[in-house]
Amino acid sequence: MSTLDIKNLHVKVEGKEILKGIDLHVNVGEVHAIMGPNGSGKSTLARALSGHPEYEVTAGEVLYEGKDLLDLDPDERAREGVFMAFQYPVEIAGVNNSYFLKAALNAKRKHYGQPEVDAMEFMQLVQEKAKLLEIDKSMLTRAVNEGFSGGEKKRNEIFQLALLEPKLAILDETDSGLDIDALKLVANGVNAMRSPDRAFIVVTHYQRLLTYIVPDFVHVLSGGKIVKSGGKELALELEAKGYGWIDAA
Amino acid sequence: MSHVAEKPTAFSSALDRRPQGGPRWLDDLRSRGAAKFASLGIPTVRDEEWRFTNASALGTIDFVPAGAISGAAERLNGFPYTDAPVRLVIVNGRFDTTLSRMKGLPSGVHAGSLAVALRDHADVVQRYFGQLADFTSRSFAALNTAFVQDGAFIHLAEGAVVDTPIHVIFVSGADGSTVMAHPRTLIVAGANAEAKIIESYVGTSGEMYFTNAVSEIFVGDNAGIDHYKVQRESLDAFHVASLHAHTSRSSRFSSHSFALGGKFVRNDAVAILDGEGGDCTLNGLYLSDRDRLIDNHTIIDHAKPHCGSHEVYKGILGGTSRAIFNGKIIVRQDAQKTDAKQTNRALLLTDGATINTKPQLEIFADDVKCTHGAAIGQLDDDAIFYLRARGLTYAEARDMLIHAFAGQVLDRVQVQPLRAALEAELFEQLAKDLAEVDGKK
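These protein sequence lines map, in sequence, to chains A and B.
Take 1 as the starting number for the first sequence in our numbering and just add one per residue.
Take 250 as the starting number for the second sequence in our numbering and just add one per residue.
Hints may contain errors.
[To be verified] Result set (EDC-like, lysine to aspartate or glutamate): computed pairs, CA atoms no more than 16 angstroms apart in a straight line:
| id | chain 1 | residue 1 | chain 2 | residue 2 |
| --- | --- | --- | --- | --- |
| 1 | A | Lys102 | B | Glu298 |
| 2 | B | Lys607 | B | Glu298 |
| 3 | A | Lys110 | B | Glu645 |
[To be verified] So the derived list for chain B, only partly shown, Cβ under 7 angstroms to chain A, looks like this:
| id | residue |
| --- | --- |
| 4 | Phe513 |
| 5 | Leu542 |
| 6 | His546 |
| 7 | Arg637 |
| 8 | Arg639 |
| 9 | Gly640 |
| 10 | Asp648 |
| 11 | Met649 |
| 12 | Gly656 |
| 13 | Gln657 |
| 14 | Ala684 |
| 15 | Gly688 |
[Said to hold, decoys possible] A partial selection of chain B residues facing chain A, derived with a Cβ cut-off under 8 angstroms:
| id | residue |
| --- | --- |
| 16 | Trp299 |
| 17 | Phe301 |
| 18 | Asp631 |
| 19 | Ala653 |
I should point out that these hints are in silico values taken from the structure, not numbers from a laboratory.
Backbone N, C-alpha and C fix where the C-beta goes; we use that ideal spot for every residue, glycine too.
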């Protein structure tokens, strides 16, 4: 079954066309890696899919579970099960992290006509998922991302992913700025969430992440287009040869 | 503006009929206050301290001294924490014995009518009264002084500690006429004494009147006063008030000001840190909407070494409302090792709302730490998007951020039922303002 169907997607940012016709098909349960050199449009694709207001779709179509994704507001997309792990998670002063997580969880529950999560249930859920990502108590009681280290911010993103159980998770350079221990932790979190009911789009600049999160497909983005697609071995080839041969090809 | 200038004769007929009696020193003080006001008049925008606040309208209205009003008890209903176990109720400037309840205060703690204290605690009152609220340059303090008659008096003997918050509630009501009241509060805390004191100013919406309040607070050696001001006047009322605090060696004073009502509001808060090792917090949260004006002027005067001061003022502005924040910090030559921090933030919900903000540092000592910062603006778009990307609607995301903004001041309120009531009141008003903002989209 198809989770995401992107056809001829064109996206402008600040008046400049960045994506120039993306075609991508993601089936449920699949993990797709999007790689490419700086400025190729990887993050633009992730952000456009999440509905960021500064990313303007000028042509093309995106179907999510057969529905027009582009017609939905960012929060509707989230409630429908699209999750983006931010490259740069935002600090939100004065909003307690666990209060925020509960609000996010309840927004989704409400959407599916479920009752709000009660305090006990929430605690249990949080404890279970927190273990996976080694989220300590202080990260839950502090303000959202405020004063978090780079690694803590990324762990907090994947922690939210684990809590919200999306149908489509988009990781926007989640590995950037992480040391190897933090990277393994984040990758373990993601791997634990892999499921036949869930699809992933993993945007990354480095092959390193894909050693730990092994993708089903690898796509190489260059100049706003997918220039090469293949299996997981394509990532290794890129690692060995660099991005130069793609552009030359 | 239709108001050209203040009438030189503002309040003159009322001043001629100002209260008389009581001790002779008080009568003298009233006369000096009246004379000073006659020469100062109502401040104009040419006065640096009133540059952005045009008070001239006050001079065009014939306010009459307020008398008794109907249904005073009912007028308390619905305002934050008016059901406090210990409360002093002052109706139109006069202490109301029936509505007040002072039972349960520990020995060494006296709370009651100022008029009565002028007689029964004459020595303490005379020693402290008017020592802080200088009226030689402050018009409205002069006006208040001219009309001094009654208000609240709280005295904590040395070492007296009272756990139950003392709530002083000033109720104003017009009953159809345009009245004014000049309530006065005097709080004297002896060495090592501690108390939580709330001053509330409340009035029924739709009524137009003028409250001109002056409060003086003396915090003795190593004493601690946790003070709250809740201004929830009628949305058509004029509210001018000044709070003057004086701290001693190692004493702690905190004041949290919540301005939720009034059409024309001017708050002055002045703290003089006059003993080594003292600590002072001046926080404020104000909400303005429609065409209301809220002006906060604060002064923290570091006169002695090793004192800390912390100041956070936050405002949420909607409609075409205006706000002014002027925060002055003075560090005297003697006040080495001062640690002063001031933060001022305002959130503008509409394009029509404006704020003028001005930090002022006057530093005469060389070994001090002083920081100040101001931030004015809209909600952070990145934060809104982040919350929306987690499934919260735009309105939910916005409300969460506004609550967080206000929460940083609200969370400091140590009196739980007061905090809960303030939170409810604030967010109820905000919901209306935001609905209006949404409606215009």
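Violations among the numbered hints, reported as their numbers in ascending order
1, 4, 5, 6, 10, 14, 15, 16 and 17
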